[in-house]
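There are 2 protein chains.
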Amino acid sequence: MFRGLSAFPLTPLKEGTFDEQAFINLLRPVVDAGVDSLGILGSTGSYAYLTVEERGRIARCAVAHADDIPVIVSIGALRLDDILRLADDAQAAGVSGVLMAPVSYQRLTEDEAFNLYETVTRQLSVPLCIYDNTATTGFTFSDELLFAVAALPNVGSIKLGRVPEDLSQVRARLSDTVTLGIAGDWRAASALQAGFDVWYSVLAGLFPQTALAIARSGNNAESERLEPLWELFRHYGSLRVITAAAEMMGKVAAPALPFPLQSLQGEPREALAKLFVSLELA
Amino acid sequence: MFRGLSAFPLTPLKEGTFDEQAFINLLRPVVDAGVDSLGILGSTGSYAYLTVEERGRIARCAVAHADDIPVIVSIGALRLDDILRLADDAQAAGVSGVLMAPVSYQRLTEDEAFNLYETVTRQLSVPLCIYDNTATTGFTFSDELLFAVAALPNVGSIKLGRVPEDLSQVRARLSDTVTLGIAGDWRAASALQAGFDVWYSVLAGLFPQTALAIARSGNNAESERLEPLWELFRHYGSLRVITAAAEMMGKVAAPALPFPLQSLQGEPREALAKLFVSLELA
Chain A
14 MFRGLSAFPL
24 TPLKEGTFDE
34 QAFINLLRPV
44 VDAGVDSLGI
54 LGSTGSYAYL
64 TVEERGRIAR
74 CAVAHADDIP
84 VIVSIGALRL
94 DDILRLADDA
104 QAAGVSGVLM
114 APVSYQRLTE
124 DEAFNLYETV
134 TRQLSVPLCI
144 YDNTATTGFT
154 FSDELLFAVA
164 ALPNVGSIKL
174 GRVPEDLSQV
184 RARLSDTVTL
194 GIAGDWRAAS
204 ALQAGFDVWY
214 SVLAGLFPQT
224 ALAIARSGNN
234 AESERLEPLW
244 ELFRHYGSLR
254 VITAAAEMMG
264 KVAAPALPFP
274 LQSLQGEPRE
284 ALAKLFVSLE
294 LA
Chain B
14 MFRGLSAFPL
24 TPLKEGTFDE
34 QAFINLLRPV
44 VDAGVDSLGI
54 LGSTGSYAYL
64 TVEERGRIAR
74 CAVAHADDIP
84 VIVSIGALRL
94 DDILRLADDA
104 QAAGVSGVLM
114 APVSYQRLTE
124 DEAFNLYETV
134 TRQLSVPLCI
144 YDNTATTGFT
154 FSDELLFAVA
164 ALPNVGSIKL
174 GRVPEDLSQV
184 RARLSDTVTL
194 GIAGDWRAAS
204 ALQAGFDVWY
214 SVLAGLFPQT
224 ALAIARSGNN
234 AESERLEPLW
244 ELFRHYGSLR
254 VITAAAEMMG
264 KVAAPALPFP
274 LQSLQGEPRE
284 ALAKLFVSLE
294 LA
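Here the protein sequences line up with chains A and B, keeping their order.
The numbering of the first sequence is the numbering used here, which starts it at 14 and goes up by one.
The numbering of the second sequence is the numbering used here, which starts it at 14 and goes up by one.
If you are wondering where the hints come from, they were derived from the structure by calculation, not from laboratory data.
Heads up, a few of these hints could be off.
Note: identical chains are not told apart, hence a pair may lie in one copy or across any two.
[Stated by the list, open to error] Each computed SDA-like pair below joins lysine to any residue, with the alpha-carbon atoms no more than 20 angstroms apart:
#: 1; residue 1: K264; residue 2: H78
#: 2; residue 1: K27; residue 2: R92
#: 3; residue 1: K264; residue 2: A46
Given the sequences, and given the hints that come with them, work out the whole structure.
Next up, the structure:
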């Protein structure tokens, strides 16, 4: 399941609460395009801003509309009891895997992060993807910790925000059952070429055909064509950019993000509107 | 109210839930010592790990046991609706002020942070202290943003984790009604000497007499004496250190922190036990 193209759609809000119909409408073309999995309630799905109850409901909704495509749901939270309830709800909903970042307010120590993954993976009946995202968690995995967590039972993948210099060395220290995934859409083409197994993709959540063309093409040209979009992703955060795109396309109500988060506004939003046309995003 | 020594006690847990009796027992000596305010549910009070309901209950408990000492409660959260409910609950409990950091998962932009403070302060009936804490929020205030937020109605103080090089320049850009507070206990003595108005203190939440001696002495010697303790604070985080101290003193049940957070363990915990004696903490 943790292979190929995994699409991470937005979780659209309307007047501050989950907009189920808009969410279903977002899922439909992604499912029809035939992505390899759906990454629901990832960072792009605003999981950290939603309650345990909302997240359970959204997981059920996603599974109900995913046809045969495996659904992966993030269970990250600050408190263990919330994480375990999210895991229970997700598994009861019928997800195929879960995703978890070491969400921190007090930045976790390495021991604390390891204990967290050990405790959570012990209680799972579906595989887990380790989500390494320093920008949102403030937590940085050392190589040692990452390999130790990856060796825990039920770990099936690692979502990395970087391409290691020596990928073969990383591979050699991972079990064959653990796949390597890339986050940060602008890195995806080169990461897949270097031997990554899966692209955890923001782009694919709204423009699945464009993302599939990159994921299946096996060369960088299609990705390089999108450099003006990647530049916006890097500068403003892919969540703000892709939400602005969905708002402008009329796929979600504006504002679709939880206050105080704001989709792209002003001049860069206008620049994005022009990119739709010039880049032929689909 | 935002002056002198503000004590930030722990919020002790017992088997993962709020331990009201231990909390009251922690407050008593702090109140009796005559600190200038109580900072409830600060970072040291694990606010980010507690539900809105728990935080309302803890605010009411603190006000009920604070005698005449003003109570300040943190209302920080990721979602605006949670923040506003926390503010309502705190005000209904009878707090004298609130404290708010720009809590982030997606790191806020400057516009987002300003909009957040503008929206929240507009709805307050008590003054707010701006809480600048990059280590926990991942958010860094620019000087411009900090001054803009400080000029909003109902802002009464800034809690800074650094001593600006030119304090008089900072003062000149702040209203007379906004006080400057220091966080990071090891910096407090020099910050107070440099002209800060208030010390937002972790130490004072457990060792109020020792903190008062530093706050009232007007020289650095008492603080310098505690350098071995400050070294532990800086290295392991003051929350993990002060919790280990409270656990070892039998004031709270171990583990008192929300999993996966852990108080100081192993060798540094033993070193801390020796410091109690050698530093005569009280």
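Hint-by-hint comparison with the structure:
1. K264 <-> H78: within (17 angstroms within a copy, 52 angstroms between copies)
2. K27 <-> R92: Between copies only: 14 angstroms across, 27 angstroms inside.
3. K264 <-> A46: within (17 angstroms within a copy, 59 angstroms between copies)
Consistency note: the structure conflicts with none of the earlier hints.
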